[in-house]
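Visitor: Residue numbers (my numbering): 5 to 388.
Source of the hints: derived by calculation from the structure; they are not laboratory data.
Because the structure is a prediction, the values reported are computed rather than measured.
Take the hints with a grain of salt, since some may be wrong.
[As the list claims (entries may be wrong)] Label pairs and their calculated CB-CB ranges:
1) E171 - F211: 21 to 27 Å
2) H177 - P272: 36 to 42 Å
3) R60 - I250: 19 to 25 Å
4) R294 - A331: 33 to 39 Å
5) A44 - G125: 41 to 47 Å
6) V336 - P197: 38 to 44 Å
7) P80 - G227: 34 to 40 Å
8) G132 - L380: 35 to 41 Å
9) G303 - I361: 16 to 22 Å
In this text, a Cβ means the ideal position worked out from N, Cα and C, and glycines have one as well.
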Amino acid sequence: MEFGFAAEDEVFRADVRDWLSEHAESGQDRRSWERALGKAGWIGLGWSEDGYGNRRATLTQQVAWAEEYARSDAPPRSGHIGENLLAPTLIAHGTDEQKSRFLPAIAAGDELWCQGYSEPGAGSDLAGVRTSAVRDGGDGSYRVTGQKIWTSLAHEADWCFVLARTEVGSRRHRGLSFLLVSMDQPGCVEVRPIRQLTGTSEFNEVFFDGARVRAEHVVGGEGEGWRVAMSLLGFERGVSTLAQQIGFASELGRVVEAAVVSGAVLDPVLRDRLVRQWAELKAMRWNALRTLGRAGDAGAPSVAKLLWGGWHQRLGELAMQVRGAAATVGPVDWTPSLSYELDLFQHLFLFSRADTIYGGSDQVQRTIIAERVLGLPREPKGVV
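Use the sequences and the hints to build the structure in full.
Guide: Rendered as structure tokens:
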């Protein structure tokens, strides 16, 4: 396989680097930053349709953008769920009215989205969702009632795309619909942050109590939610994986540097593990490039998730080992009035414990590969 950047790609990369150098600052307000990206046309580079204020970029240019962004001091993105998940789904399944209403606002960075899939009793088993949406006989709108959990950035979002059951008595993947729900409905939508091991709260619980959804905000038609939801999951991993690996490489570099400073690099076992982490990261990059832009490969997203989830978790463990006993001590003294603080390595170790669970657990990914790629017998499912 050959993969390289043409001369025009490098010109594009230089433009990206210059713009980010001029405009990006760590610690910026994330919503204002999304609007700055939108104003410059950097949101929606990979959309299959243009005309929404976004620039057009080839696949290799999208890779260049993602890599340069990862190397910059730019804030973490708040708009990536709308840009990379909902927008391609609307382009594939939405009506012209839905695209006209929502895509320009996403491209401008004006509206932020979250994903309402997982529930307390339906995390990895998405077909088991119980959140319901009942049709209002008056204006044809829906009223959504139920709970979603592990909802990333719900505390910042203006809208949520929700998988809900619109057919009474339906089971599994039948009778589901894909709904676009406004989060600005006091008394009907409640967001409760979930405090994690790291002390931060990127994830949330979301409670819907009769939240209203307009009839025209059902994507793909009533009862077609499973088809739309599975299509969206196909957009979940792609160019962003390569950008993620830039961040991984930076983290690995810091761990190696710490091993040199502490003398842990002299331990042949630890040194072997560090070299193995480096080699596996290289293999992940080439696998990502090999599958980039390939449609219809049912196993590629699952293989990618299995590779990076386990790799990052092992890196977190290594970060603790190279520090030795010092890894157990926080950067500031603990007091009853001050919550604990973590250094970068401690945060990496604790947060990475979830890497093999969120976004589809390792067990689920292996089941997908077994059934959809290898053609093995389907896993028995209980009756819901």
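Visitor: Which earlier hints turn out false for this structure, listed by number in ascending order?
Guide: 2, 6, 8
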